[in-house]
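Q: Make a model of the complete structure from these sequences and hints.
Just remember that my numbering sits 9 ahead of the position in the sequence shown, which is counted from 1.
Think of the hints as simulated: they come from the structure by calculation, not from any bench. Do not take every clue at face value.
[Claimed, not checked] Have a look at the derived ranges for each label pair, beta carbon to beta carbon: (1) E39 x M112: 44 to 50 Å; (2) A226 x W307: 36 to 42 Å; (3) T371 x P83: 55 to 61 Å.
[As the list claims (entries may be wrong)] Under the rule of at most 27 Å between Cα atoms (straight-line distance), these lysine-lysine pairs were calculated in the DSS-like manner: (4) K269 x K51; (5) K57 x K233; (6) K54 x K280; (7) K46 x K57.
For glycine and all other residues, C-beta sits at the position ideal for the given N, C-alpha and C.
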Amino acid sequence: MFIMSAGPTSIPQRVRQAMVRDFTNTDLDENYIAIHKATEQKVSKLLKTGARSFLMLGEAMLGLDGACASFTEPGARVLVLANGIFGEGFADFVRMYGGEPVMLKFDERHGISPEELERFLKKDDRFTYATMIHCETPTGVSNDITRLGQILNNHGILSVVDSVSGLVGEDIDFDAAKIDCLIGGTQKCLSAPAGLTTITLSPRAEEWLAQRETPIAGFYANFKNYLKSGQFAFPYTPCDNLVYALDEALDIAMESHFAKRHRSFAERTRKAIDAAGLERFALSFPSNTVTGLLLPEWASANDILADLQERGYLLSGGIAHWDNRIIRIGHMGNNIADEALYIEMLEELSRALTDADLPLRTSLADAFCSASLDKKRD
Numbered sequence: 010m011f012i013m014s015a016g017p018t019s020i021p022q023r024v025r026q027a028m029v030r031d032f033t034n035t036d037l038d039e040n041y042i043a044i045h046k047a048t049e050q051k052v053s054k055l056l057k058t059g060a061r062s063f064l065m066l067g068e069a070m071l072g073l074d075g076a077c078a079s080f081t082e083p084g085a086r087v088l089v090l091a092n093g094i095f096g097e098g099f100a101d102f103v104r105m106y107g108g109e110p111v112m113l114k115f116d117e118r119h120g121i122s123p124e125e126l127e128r129f130l131k132k133d134d135r136f137t138y139a140t141m142i143h144c145e146t147p148t149g150v151s152n153d154i155t156r157l158g159q160i161l162n163n164h165g166i167l168s169v170v171d172s173v174s175g176l177v178g179e180d181i182d183f184d185a186a187k188i189d190c191l192i193g194g195t196q197k198c199l200s201a202p203a204g205l206t207t208i209t210l211s212p213r214a215e216e217w218l219a220q221r222e223t224p225i226a227g228f229y230a231n232f233k234n235y236l237k238s239g240q241f242a243f244p245y246t247p248c249d250n251l252v253y254a255l256d257e258a259l260d261i262a263m264e265s266h267f268a269k270r271h272r273s274f275a276e277r278t279r280k281a282i283d284a285a286g287l288e289r290f291a292l293s294f295p296s297n298t299v300t301g302l303l304l305p306e307w308a309s310a311n312d313i314l315a316d317l318q319e320r321g322y323l324l325s326g327g328i329a330h331w332d333n334r335i336i337r338i339g340h341m342g343n344n345i346a347d348e349a350l351y352i353e354m355l356e357e358l359s360r361a362l363t364d365a366d367l368p369l370r371t372s373l374a375d376a377f378c379s380a381s382l383d384k385k386r387d
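A: Here it is in structure tokens:
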């Protein structure tokens with residue numbers, strides 16, 4: 010089965026091999042502790058920042074939970090920027106920790122409008138922090154976190170960004186974007202196993218946490234437990250093989266011009282979909298890591314996805330109210346390591362769509378290759 014989904018992705022051989030090491034006592038082994046610290050520093054390097062990054066032992070949802078636990082004081086007003094189901098989900102975490110979420114919703118098929126955010130904040134900017142999604146994985150719509158982060162910073166509002174499916178697949182300048190907390194996952198563009206969360210905090214966020222007046226309602230999710238100055242701050246026993254895998258995955262990302270490669274695959278995939286006469290879900294701010302294909306109401310995305318699985322290809326479908334309407338192509342991480350295999354997937358997807366009575370002007374594979382030739386001429 011070839012995995013071409015929107016994450017988790019396939020895992021490269023180098024990353025799998027990195028996990029096969031002698032186990033050690035991760036609480037005491039200084040060699041392991043050095044690797045752990047170096048891995049955290051690599052996350053910061055890829056984000057072009059000297060700000061501190063740390064790892065949490067748990068899938069990236071733990072990072073969303075931790076951010077809301079750590080930055081939500083009882084009664085705090087939190088601005089939830091939402092143009093999709095994951096963006097809206099932040100409100101549940103805020104309520105869980107006693108905060109008051111104020112949701113500013115946008116069209117799911119478009120990125121969050123910086124201009125509309127600015128207009129809103131001119132009327133009301135009394136928020137402790139704001140949340141946003143870098144890439145709404147269920148739809149393939151991204152957001153301009155640089156402009157949004159800068160606007161929030163200008164209003165004195167901390168920013169919490171879920172970049173689980175954007176980390177290393179999108180070009181991120183943490184400092185330029187004025188982001189205060191960026192949450193990443195390992196199982197998307199990094200193509201490592203699920204099980205670790207990356208957190209990067211600005212000095213302003215660290216200062217806010219140090220001055221927080223009320224206790225944080227959590228232990229695993231409490232960011233303060235990871236921030237002991239000058240020490241190896243991991244509040245429970247780390248899982249060494251997951252850290253080894255992430256360390257190797259970060260090396261691959263630094264060697265391979267990852268963001269540029271993701272952008273290239275995304276652009277050619279979008280051109281192929283347009284040339285075939287199909288409809289992309291994203292009408293603006295399309296993601297460079299996942300593309301959503303919106304089917305007519307009469308068509309069954311789930312049937313087509315099942316057909317593709319029989320052909321040996323695993324792609325993603327829609328979620329919640331977009332279930333059975335969307336097919337998602339994950340052009341992320343190891344999914345795009347072999348361009349020939351990716352083109353084969355597009356050919357099989359074309360056949361599955363045609364078999365489902367969805368006529369194409371041209372095959373997705375042919376259109377992708379044509380876009381590649383055009384790119385070389387440019």
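Q: If a hint holds in the structure, say so; if it does not, say that too.
A: Cross-check of the supplied hints:
no., hint, verdict
1, E39 x M112: 44 to 50 Å, "47 Å, holds"
2, A226 x W307: 36 to 42 Å, "48 Å, violated"
3, T371 x P83: 55 to 61 Å, "58 Å, holds"
4, K269 x K51, "18 Å, holds"
5, K57 x K233, "23 Å, holds"
6, K54 x K280, "32 Å, violated"
7, K46 x K57, "17 Å, holds"
Hint violations for this structure: numbers 2 and 6, all remaining hints satisfied.
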